[in-house]
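The primary structure of each chain is shown beneath.
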Amino acid sequence: MSGIMGYFYNLVVFPGGLFALAVGMFFAGIDRKIYARMQRRVGPPIYQPIIDLIKLMHKETLIPRTSNQKAFRLAPLAGFAGMLVLVTCIPVPGVFQGIGQLDNLLLILYILAIPAIALMVGASSSGSPFGAVGVSREMVMTIAYEVPLIIVILTIGIKAGNASGVLADFSLKSIISLQKETGSILSDITMVPAFIAFLCCIPGTLGAVPFDIPEAETEIAEGPILEYSGISLGLFKLTGWLKMFAVSALATVLFYPVPYGSHWLLSVFLFILKCLFTILISVTLVRATMARMRIDQAYKFYLRIPTGLALLSLVLTIFHVHV
Amino acid sequence: MSSYKIPIGPIHVVLEEPIYFQLEMEGETVRGVDIRSGHVHRGIEFLAMQKNIYQNITLVERVCSLCSNNHPFTYCMAMERIGRIKIPERAEFLRVIADEIKRIASHLFNTAILAHIIGFDSLFMLVMELREKIQDVKESTYGNRMNIAANCIGGVRYDISSEQAGFILNSLQAMKKPLEEITKIYLHNGSVRRRIEGIGVLTKDKAVEYGVVGPVARGSGIAYDVRADCPYAAYNQLSFDVITENTGDIKARAVVRIREIVESISLVEQCLKALPEGPTCLDYMPMIPGGQAIAKSEAPRGELMYYARTNGSDIPERLKWRVPTYPNWEALKIMLAGCKLADVPVIIGSIDPCVSCTER
Amino acid sequence: MSKSAVMKGFEDKLLFGLGNGYTLTWETYADGASSGWCKLNRASDLVIVAGYIAELKGRVMAITPMINEDKDMSKCFEIDYHFFFEGVDLTVSVLVPESKGEIESITPILKSADWHEREMQEFYNVSVKGHPNPKKLLLDGNNNFDENTMIPLSEAMNGSSSTALWEKVLGSKNGGRM
Amino acid sequence: MSSFLKIILQNLIKGPSTEKYPFGDTFEPAGLRGKLRFNAEACIACGTCEHVCAGGAIRITEAEDCSGLNMVIWHNSCCYCGLCQFFCPTKAIRHTIDYHTAHKQEDKFNYAERGFIKTVPCSRCGKQIVPAAQELLEQAGNSSDEIKDLLSMCEKCRQKETVIRGALRNV
Amino acid sequence: MRNVMKNIVQKSPWIYRINAGSCNGCDVEMATAALIPRYDVERLGCKYCGSPKHADIVLISGPVTEVVKDKVLRVFNEIPYPKVVVAVGICPISGGVFRDSYAARNTLDSLIQVDVNVPGCPPRPQAIIDGIAKALEIWKTML
Chain A
1 MSGIMGYFYN LVVFPGGLFA LAVGMFFAGI DRKIYARMQR RVGPPIYQPI
51 IDLIKLMHKE TLIPRTSNQK AFRLAPLAGF AGMLVLVTCI PVPGVFQGIG
101 QLDNLLLILY ILAIPAIALM VGASSSGSPF GAVGVSREMV MTIAYEVPLI
151 IVILTIGIKA GNASGVLADF SLKSIISLQK ETGSILSDIT MVPAFIAFLC
201 CIPGTLGAVP FDIPEAETEI AEGPILEYSG ISLGLFKLTG WLKMFAVSAL
251 ATVLFYPVPY GSHWLLSVFL FILKCLFTIL ISVTLVRATM ARMRIDQAYK
301 FYLRIPTGLA LLSLVLTIFH VHV
Chain B
1001 MSSYKIPIGP IHVVLEEPIY FQLEMEGETV RGVDIRSGHV HRGIEFLAMQ
1051 KNIYQNITLV ERVCSLCSNN HPFTYCMAME RIGRIKIPER AEFLRVIADE
1101 IKRIASHLFN TAILAHIIGF DSLFMLVMEL REKIQDVKES TYGNRMNIAA
1151 NCIGGVRYDI SSEQAGFILN SLQAMKKPLE EITKIYLHNG SVRRRIEGIG
1201 VLTKDKAVEY GVVGPVARGS GIAYDVRADC PYAAYNQLSF DVITENTGDI
1251 KARAVVRIRE IVESISLVEQ CLKALPEGPT CLDYMPMIPG GQAIAKSEAP
1301 RGELMYYART NGSDIPERLK WRVPTYPNWE ALKIMLAGCK LADVPVIIGS
1351 IDPCVSCTER
Chain C
2001 MSKSAVMKGF EDKLLFGLGN GYTLTWETYA DGASSGWCKL NRASDLVIVA
2051 GYIAELKGRV MAITPMINED KDMSKCFEID YHFFFEGVDL TVSVLVPESK
2101 GEIESITPIL KSADWHEREM QEFYNVSVKG HPNPKKLLLD GNNNFDENTM
2151 IPLSEAMNGS SSTALWEKVL GSKNGGRM
Chain D
3001 MSSFLKIILQ NLIKGPSTEK YPFGDTFEPA GLRGKLRFNA EACIACGTCE
3051 HVCAGGAIRI TEAEDCSGLN MVIWHNSCCY CGLCQFFCPT KAIRHTIDYH
3101 TAHKQEDKFN YAERGFIKTV PCSRCGKQIV PAAQELLEQA GNSSDEIKDL
3151 LSMCEKCRQK ETVIRGALRN V
Chain E
4001 MRNVMKNIVQ KSPWIYRINA GSCNGCDVEM ATAALIPRYD VERLGCKYCG
4051 SPKHADIVLI SGPVTEVVKD KVLRVFNEIP YPKVVVAVGI CPISGGVFRD
4101 SYAARNTLDS LIQVDVNVPG CPPRPQAIID GIAKALEIWK TML
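Protein chains in written order, with the numbering used here: chain A, 1 to 323; chain B, 1001 to 1360; chain C, 2001 to 2178; chain D, 3001 to 3171; chain E, 4001 to 4143.
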C-alpha cells in the first residue's frame, strides 16, 4: 500500500487508530487491574475501558451555559486528532517504518503537547473555577516535564547524530537503525540516567499520581474535565489512552527497540510487551506507592531530579562523542 | 498575580460532609478563608426537647456517627448525675470498652482519609482494611458498624461473653503489627511527609487562645485529655499515656491519633482483663427527677460536653452539647493562612472536622 | 492547686467583686467531678465574672440559652455560661427579659465564646452587644429560615410530615410485604 | 516510596481480600441488628416500644372492628438502635440478622413489619383486653392457675376479684 | 443488538455521592463500600467520580436539610441522563429521627424522583451494594 491510501491505513488502522486505541485501552485495563491487585482488590475486568467508552457514548452531553460553546465542543476533538497523528508518527520496530519525515522526535514532542493544550482550551472555556485552577496547574506541569524531556531527546539525538555523522539526528528511523547495529541504547551506562528521567516524565505526561495535580480529585474535583460529560468526556478518555500508548511506545523506540522478532506478528507482540513493561514500572507501580505532590513540589522535582539526570546523560554523551 | 475566589463545597468529593469554603486565592496561595456552615443543621437540639429521655439516647447518637458512642455516653452520664444513679461497675468498664473501640475506628478513619486526601490511595486502603477489623468487632459485639448503641441510662445495653472477649482480643492483637507499619509510613515515608510536615501549623500559644481540644490541642503540645484530667467511668482504674507532640503541624496531629490508637488498644485489653462480674444495667426503667448537670467526656475529636436540665417529666427541659470540633473550627483560619490550595483539604482533614457534630 | 482551693479562691473573688449580687453552690458527684452553679442577679455582672475566668486562663465550654420565667413570671431568656478553669466546671446563669433581648458580649475577654454567642444570637434572637464578628453562624444566607429559628418553630411544630408519611404506611396494607 | 514497595509486593503475593458478596458469602455476625421481627403472640401491648422509638417507626393502632390492635413497624423509619428490643418486657420485638434492606421506591410504604395483637373479652365483664403473654408469666416465674384466672380479666374486674379473694382468705 | 448494548453498558456505572446533611454514618459506609478492598465495587465496573457530570448512579444520604436542599437539587440537575437515584439510610427516605425537625422538612422523594431505597442506620456496605445492584436493574431499563 502506498500513497494516500497507505497514509489513511496508517492513520486509521495500524499503527495509529484502531491498533493504538486497542493497545491503549488494553494498557489502561491492565494498569487498573494490577493497581487494584497491589491494593488487594479484585479490580475491574481488563476490558473495562471499552465498556466505559460505550457507556459514555450513551450518556447525555451537558454543555455548561457559561461556557464558550464552540471551544468547549471542539477541544476534545482537537486533542484526539492531535494524538491520532502522533501515534501514526511512531514507528513499530521491525514492522512499520514511520511515515516519511514525520518520524522526527522534535515534531513528536510538539504534537505531544497538543492534548494538554486542548485540555487547557476546553477547561478554560468551561467557565468553572476548578477548570481555571486545573489549567494553570496543567500549564506548570507541561513546562516542568518538557524540560527534562527535551534534554533526553537532545541526548539521544546527539548519540544518533554521531553514528550518522551529523551534529544531531532526530529521526526515529535512524535511532532504531543505530540501536539495531550497536544494541539497545540502554546498554550504554551513560544513558541510564536519561532513561530514568524519561520514566519520570511519563506519569507527568499522562497525568497519573503523583503528578495528577491538574486533575486532583480531592482538591479541585477532576479540574479540567469537571464540566465534561458524555461523549466529550469519552474523547478525553480516548486521548488519554492513546497518549498512554504513544508515550510508552516512544520510550520503547528510544531506549529498547531491539530485539524485535523476525516475523511481524512476533515483533508487534514484543513491542506491546515492552510498552506494557514501561507503563507498569513508570505508572502503575509509582501511583501505587506514592502520594500526590503539590504543584510547586512537582515543579521543583522535575527541575531537579529528572532534569539533573538528563543533563548528566547529556554531558556524558557530549563528552563521549566529542572528546 | 490577581486574586480570585474558589468555592470548595458545599457538595465536594473531598469533604465527607457539606460545608462551604470560599477561598480567596492568589495563584496557588490562599489569602483568605470564608467558612459558611449550616448545611448539616438538623435542629437536633430542638428535637431533643421534643423527644423523651429514652428516645434522646438514640437521637444524640445520630448527631454524628463517627463519635457516635460518646454522645449517648455523655448524655447518659449527665442524666445519671441528675438522677444520682450509680451504675453497676461492670457497666463502667463496658462503657470504656465501647468508647475505646469507637475511638480506634474513628482515628483509623481519619488516618485513612488523610492518605486519601493527599492522593495516596494504596495507603488509604491499607488503613481502611485495618479498620475493617475493628468494624467487625463492633458489628459482632454491638450489632452495627457505626451506631453501636451501647449505652442506656443506668448502664449499658450489651454484655461481653468470654468468646466475644476472645474475639476482641484476637482482633486487637492482629491489629498491632500493621499499626506499627502504618506508624512508620506516616513518620518516615518521604512521599507522605512531603505533604504533611510543617504545614498547617498551630502553635501552642494560639492553641490555648482558641481553646482547641482533642488531638488538635495535643498535637500542639497541650496535654489536655478529659480521660486523664477529669476521669469518668472506669478511667481512673486504668493506666494510659496522654500522647502529645510539639510541632503542631498536620503530621503531629496524625501521629497523635495513631499513637492514641495504640493506647486505646491497651485500654481495651486492660478493661477486658479487669472486667468485674455483675449486672450491666439497672433492672428498671429509670425516672429522672428535675435538676441540671454537666457531663464531659473525651470523644475521638476531643472534649465533649453535655448540659442537661430536666423538670421531672420524661421530656428534658433543655439539652445542650458542645462538640469538640466547635472550638477547633475557628483555629482553622490560623492554620490555613498563607497555605497552598492543595494543602487546604489536608489541613481541614487534619483537624478531623465533624461538621454534623458542629452544626447539629 | 487542689480543686477545693481553686473553688475557694474563686468564691472569694466573686464575693469581693459582686458582693451579694450572686448565689453560688457547688456540687460534687460520685466520680469526683464537681460543678459549680452560680446565679447572677444582674446580667451586666457577667463581664466581671468572665474577666475572672480569663485571669484563671479558663475558657467557655458552651453557652446555653433557654426560655424561662423570672420571679415576676414574665417570659425571659435564661442564659447559662458554662466555664471551665483548672479542672472545675462553673455554670453562670443570667436572666435577660425577653422584651430587652440583649446581653453584653464576652468574646473580647474570652475568645472561646465567639461561636457560642453568634449561635445564641441566631437561634434565640438574643442580640450580643459588642461582638467583634456578629455574622450569622449556621443559617447564613439561607432564606428557608425565619429570623429566629428556635422560638417560633418550637411553638408552631405539629409533626405534620410524620403524620402524612404514616398515613401512607398504614394505608398500604395490600402490599403484604413484611 | 521504597518503604511502601514492600507492602505492595506483599499485597500482590497475598492476593485480593475482597469478599465474594453479592455473588457469595459475607461476614454475618450473630449479634447483627437487622430488620425488626415482631411476634404478636408474645406482645402484651404495653406500648413501651412505641414510647422509646426515636425514629417513630412503631405504631400501635386499634383495629377498625375492635377485635385487636394493629402493630406496624416501618423499616424505612427504623433507626436500628435496638431500644425497643432492649426495653420490651417479653422480647416480642427483636432484631433479626437480615440486613438486605434495599428495595425499590414502589415498595417504600409497604416495606413494613405488621402484626395483629388479638384482644379477648374479659372473662367477667366482656370488655376487650390484651391477654397476658406466656413469656411474661415465665418471666414473673409464676404461672399458677390462680394468677392465670386473674389475667383473663380486665383491669377493673381484676381489682374487684383481688379484693374479693383477699376478703375470702381473711374469712 | 440493543440488548447486548444494554448488557455491556450496565457494567460501567459510575457512582457519585451527595451528602444531604447526613450524620456521616451512611457517608462513611458508602465510601467504605465503594473504595476499600473488602467490598471493592470496582470489580462490578463501578467507579467513584468527582464530578456530578460523570455520574450514572447517585447515592444520596442525609435528611435533606433546609440549607443544603437547594444545593443538592442544583448538583442533582447537573447529572446527565440517564441517572438512577439511591437513597441511602433512613433519613432521606422518611426523615428518620430528624423527621419532625424544622430544619429537615422534606423527604428526598418529595423533591426528586428516587428509584431505590436502602434503609438502615447506617445500612451495611453489603446492603449498599445490594442497592447499587437494584439501581443497575432500573438503569438498564432507562438506556
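Hints in this document: simulated from the structure, not taken from any laboratory.
Be a bit skeptical, because a hint or two may be false.
[Claimed, not checked] List of simulated lysine-lysine pairs, BS3-like, C-alpha gap at most 27 Å:
1. 3035(D) / 4071(E)
2. 2129(C) / 2039(C)
3. 3020(D) / 4071(E)
4. 1133(B) / 3006(D)
Remember, it's a predicted structure, so these values are computed and weren't measured experimentally.
Q | Contradicted hints - numbers only | A | When the structure is compared with the hints, numbers 1 and 3 turn out to be violated.
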